[in-house]
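Visitor: Protein sequences appear in the order of chains C and U. Residue numbers for the first sequence follow this note's numbering, beginning at 80 and rising by one. Residue numbers for the second sequence follow this note's numbering, beginning at 80 and rising by one.
Wrong hints could be hidden among the right ones.
Pairs count within a copy or across copies, as identical chains cannot be separated in the list.
As the list claims (entries may be wrong) - Below, in silico cross-link-like pairs of lysine-lysine (DSS-like), each with a Cα-Cα straight-line distance of 30 angstroms or less:
(1) Lys268 to Lys116
(2) Lys402 to Lys184
(3) Lys381 to Lys116
(4) Lys416 to Lys381
(5) Lys402 to Lys116
(6) Lys416 to Lys169
(7) Lys268 to Lys364
(8) Lys381 to Lys402
(9) Lys268 to Lys184
(10) Lys237 to Lys402
(11) Lys116 to Lys364
(12) Lys381 to Lys184
(13) Lys364 to Lys184
(14) Lys184 to Lys116
(15) Lys237 to Lys268
Because the hints were derived from the structure by calculation, they are not lab data. Remember, predicted model here, so these are calculated numbers, not experimental data.
2 protein chains.
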Amino acid sequence: MKSARHLLLALGLGVISFLSTSFLPDQFARAEAPQVKTQAPGFYRLMLGAFEITALFDGVFDLDASLLDNVYPEGILTQLARHFNLRNGKFQTAVNGYLVNTGEKLVLVDAGTGGGATTGRLIANLRAAGYTPEQVDAVLLTHLHGDHAGGLLDAEGKAVFPNATVHASAAEAEFWLAEDAVQRAIAAKQVPRAAPAAQLPAYFENAARLLAPYRAAGRFRTVADGVEIFPGIEIVAAHGHTPGHSGFRVTSAGERLLIWGDIVHSAAVQFARPEVAIAFDASQKTAIATRRAVFARAAREKILVGGMHLPFPGLGHVVVQGKDSYAWIPVDYTPLKD
Amino acid sequence: MKSARHLLLALGLGVISFLSTSFLPDQFARAEAPQVKTQAPGFYRLMLGAFEITALFDGVFDLDASLLDNVYPEGILTQLARHFNLRNGKFQTAVNGYLVNTGEKLVLVDAGTGGGATTGRLIANLRAAGYTPEQVDAVLLTHLHGDHAGGLLDAEGKAVFPNATVHASAAEAEFWLAEDAVQRAIAAKQVPRAAPAAQLPAYFENAARLLAPYRAAGRFRTVADGVEIFPGIEIVAAHGHTPGHSGFRVTSAGERLLIWGDIVHSAAVQFARPEVAIAFDASQKTAIATRRAVFARAAREKILVGGMHLPFPGLGHVVVQGKDSYAWIPVDYTPLKD
Numbered sequence: 080m081k082s083a084r085h086l087l088l089a090l091g092l093g094v095i096s097f098l099s100t101s102f103l104p105d106q107f108a109r110a111e112a113p114q115v116k117t118q119a120p121g122f123y124r125l126m127l128g129a130f131e132i133t134a135l136f137d138g139v140f141d142l143d144a145s146l147l148d149n150v151y152p153e154g155i156l157t158q159l160a161r162h163f164n165l166r167n168g169k170f171q172t173a174v175n176g177y178l179v180n181t182g183e184k185l186v187l188v189d190a191g192t193g194g195g196a197t198t199g200r201l202i203a204n205l206r207a208a209g210y211t212p213e214q215v216d217a218v219l220l221t222h223l224h225g226d227h228a229g230g231l232l233d234a235e236g237k238a239v240f241p242n243a244t245v246h247a248s249a250a251e252a253e254f255w256l257a258e259d260a261v262q263r264a265i266a267a268k269q270v271p272r273a274a275p276a277a278q279l280p281a282y283f284e285n286a287a288r289l290l291a292p293y294r295a296a297g298r299f300r301t302v303a304d305g306v307e308i309f310p311g312i313e314i315v316a317a318h319g320h321t322p323g324h325s326g327f328r329v330t331s332a333g334e335r336l337l338i339w340g341d342i343v344h345s346a347a348v349q350f351a352r353p354e355v356a357i358a359f360d361a362s363q364k365t366a367i368a369t370r371r372a373v374f375a376r377a378a379r380e381k382i383l384v385g386g387m388h389l390p391f392p393g394l395g396h397v398v399v400q401g402k403d404s405y406a407w408i409p410v411d412y413t414p415l416k417d
Numbered sequence: 080m081k082s083a084r085h086l087l088l089a090l091g092l093g094v095i096s097f098l099s100t101s102f103l104p105d106q107f108a109r110a111e112a113p114q115v116k117t118q119a120p121g122f123y124r125l126m127l128g129a130f131e132i133t134a135l136f137d138g139v140f141d142l143d144a145s146l147l148d149n150v151y152p153e154g155i156l157t158q159l160a161r162h163f164n165l166r167n168g169k170f171q172t173a174v175n176g177y178l179v180n181t182g183e184k185l186v187l188v189d190a191g192t193g194g195g196a197t198t199g200r201l202i203a204n205l206r207a208a209g210y211t212p213e214q215v216d217a218v219l220l221t222h223l224h225g226d227h228a229g230g231l232l233d234a235e236g237k238a239v240f241p242n243a244t245v246h247a248s249a250a251e252a253e254f255w256l257a258e259d260a261v262q263r264a265i266a267a268k269q270v271p272r273a274a275p276a277a278q279l280p281a282y283f284e285n286a287a288r289l290l291a292p293y294r295a296a297g298r299f300r301t302v303a304d305g306v307e308i309f310p311g312i313e314i315v316a317a318h319g320h321t322p323g324h325s326g327f328r329v330t331s332a333g334e335r336l337l338i339w340g341d342i343v344h345s346a347a348v349q350f351a352r353p354e355v356a357i358a359f360d361a362s363q364k365t366a367i368a369t370r371r372a373v374f375a376r377a378a379r380e381k382i383l384v385g386g387m388h389l390p391f392p393g394l395g396h397v398v399v400q401g402k403d404s405y406a407w408i409p410v411d412y413t414p415l416k417d
């Protein structure tokens, strides 16, 4: 039976020339193993004290290298090429979220894009990691850009996390949700180079749209800088990329993780050259100053870092490489230890 | 019904104090999500031209830093600590294998350890990647150490790959399988520092034991350096770690991968300091010269590399960092592209 099946498979694969012979040695009769061509699921786990941390992969963007500012283009391209991350003038950047299970609360930091040709897989990977969106108690947002808050809604505009309360910094909520948000952003020169003036109203309305069902249900909360939102999870101001951009410091049993949001968009370029900013920054000047301060402190404190646009799983450490220059040391894939 | 189930779960988790109240708001009645504590499966896939490459994770070893030679110990420890890979005087190193599906042949390069407390998972990960050991047509061995050939046998000493032919370099087979192998190795000063004289007979007998069922079935072949074993898969001499240690150069549609075996045992140390050797090398002098030559060529040719003891998945590129000093650029996790 097995041989017959293999023969049929071989036939199906077009190996018809064997049919003309009455003797089929076993090595010819065996079917070729079809290429599987699936990727390993996009989650990665580690324990942080008593907390379980799960990095969740949402997808990748191919971004134009010209989005990176403040170093002459040739320098950017050279650095990207050195990291084998330059193709047709573009570089690949990941989109990650981080799920923290404290044992009492299931907390998701950033919800990913919610869709897109090469993105929108965060929920599928959350399920692959053994959880459901219904189990999530809180979604903490580093900021209100669509690749972080887009995953709050499904394709029908309904809340993906029916039992979660969404948290964002008060400064971030004020920036995006004020009635005269567009005018205030223009007056404060908090408009990114990549946002054309004509698209500004839609750019701001998107943030309000993504939060709408949570606000309607009384499940949106704003928090001041430095507040401990849950035991062991503290919001940390890291303004610049957006006016209220924040990280989250997670601490359990003396172990610490800084989930730093968008401190880095290109690992290949910005660790070595922190002065490189991206066209999506509301204020490049503030974003650069924040990046330098966060790098310096992360390196000094040897704190574990999780980054939304670092190569998945985006977990690792920052080390000093030279004057105003750093390197990224990703964690090694390691079986889970209790 | 759902609330009742949640209540029972909450009870099970010991939240008994809530029982004394007759009113249970939903956020209290909902059960905490238990920590899942499993790691993502240990496979990683990419396409190389028309070939599908699957990196397979066998496990990790914690090796004593004193196994690394030729740099003063403080220098080794500093470099390991800089890579956050030093714990109680030990560093973690991975064990990887690589599965190449050419579309016509399913070829496994190295079979992992076959067992151990923190290793022996290669077959489980091969299955997680969508294959079975029965589908494997050939196992190519970089060398005959137990952490590469151990996976050839199951716990009962039977062949794990019933339909595969095992290939190794002629020089490697001669070194391990000759009747007077121990005496010849001693005479040629091809005995690693880590192999105590008393254990040498067992050390050599192990290689013969691992190959026995394949040799008995006429399914062991030795190949000369440089031979193209299958279309697109060529054995490349990389002697030193063992006298016949070899890599495999894989080529499809102009894309190339060098599966380099044990050119590196500590990514944290040996890219920056190629002169550092390990106590398992049969000839540290030859191993160091080979490592320098392979690094230089890999960097010059910008070839994709797969390494058995690089952090899983062990795929990436070598770049020049300074004089006689290199850096490792791992591939970014990327969804599979056709």
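Visitor: Check Lys268 against Lys184 for me: Cα-Cα at most 30 angstroms, and say if that holds within a copy, between copies, both or neither.
Guide: Close neither inside one copy (38 angstroms) nor across copies (60 angstroms); limit 30 angstroms.
Visitor: Please sort Lys381 with Lys116 into within, between, both or neither, judging by C-alpha distance up to 30 angstroms.
Guide: Close across copies (25 angstroms), not inside one copy (38 angstroms); limit 30 angstroms.
Visitor: Under a CA distance limit of 30 angstroms, which applies to Lys184 and Lys116: within one copy, between copies, both, or neither?
Guide: between (36 angstroms within a copy, 15 angstroms between copies)
Visitor: As a check of your reading, is Lys268 near Lys364 (CA-CA no more than 30 angstroms) within one copy, between copies, both or neither?
Guide: Classified as within: same-chain Cα gap 11 angstroms, cross-chain 62 angstroms, threshold 30 angstroms.
Visitor: When no copy is specified for Lys237 and Lys268, does a C-alpha distance of 30 angstroms or less occur within a copy, between copies, both, or neither?
Guide: neither (33 angstroms within a copy, 71 angstroms between copies)
Visitor: My question is about Lys381 and Lys184: at a cut-off of 30 angstroms on alpha-carbon distance, are they close within one copy, between copies, both, or neither?
Guide: within (26 angstroms within a copy, 46 angstroms between copies)
Visitor: At most 30 angstroms between alpha carbons: which applies to Lys237 and Lys402, within, between, both or neither?
Guide: neither (48 angstroms within a copy, 58 angstroms between copies)
Visitor: Go through the copies and call it for Lys402 and Lys184: within, between, both or neither, with a Cα cutoff of 30 angstroms.
Guide: Neither way: Lys402 and Lys184 sit 41 angstroms apart in one copy and 51 angstroms across, limit 30 angstroms.
Visitor: Checking Lys116 and Lys364: alpha-carbon separation at most 30 angstroms within a copy, between copies, both or neither?
Guide: neither (44 angstroms within a copy, 41 angstroms between copies)
Visitor: Have a look at Lys381 and Lys402 and pick one of within, between, both or neither, based on CA distance no larger than 30 angstroms.
Guide: both (18 angstroms within a copy, 28 angstroms between copies)
Visitor: Check Lys416 against Lys381 for me: Cα-Cα at most 30 angstroms, and say if that holds within a copy, between copies, both or neither.
Guide: within (20 angstroms within a copy, 36 angstroms between copies)
Visitor: Since the copies are identical, ignore which copy is meant and state whether Lys416 and Lys169 lie within 30 angstroms (CA to CA) inside a copy, between copies, both or neither.
Guide: between (38 angstroms within a copy, 16 angstroms between copies)
Violated hints for the displayed structure, listed by number in ascending order: 1, 2, 5, 9, 10, 11, 13 and 15.
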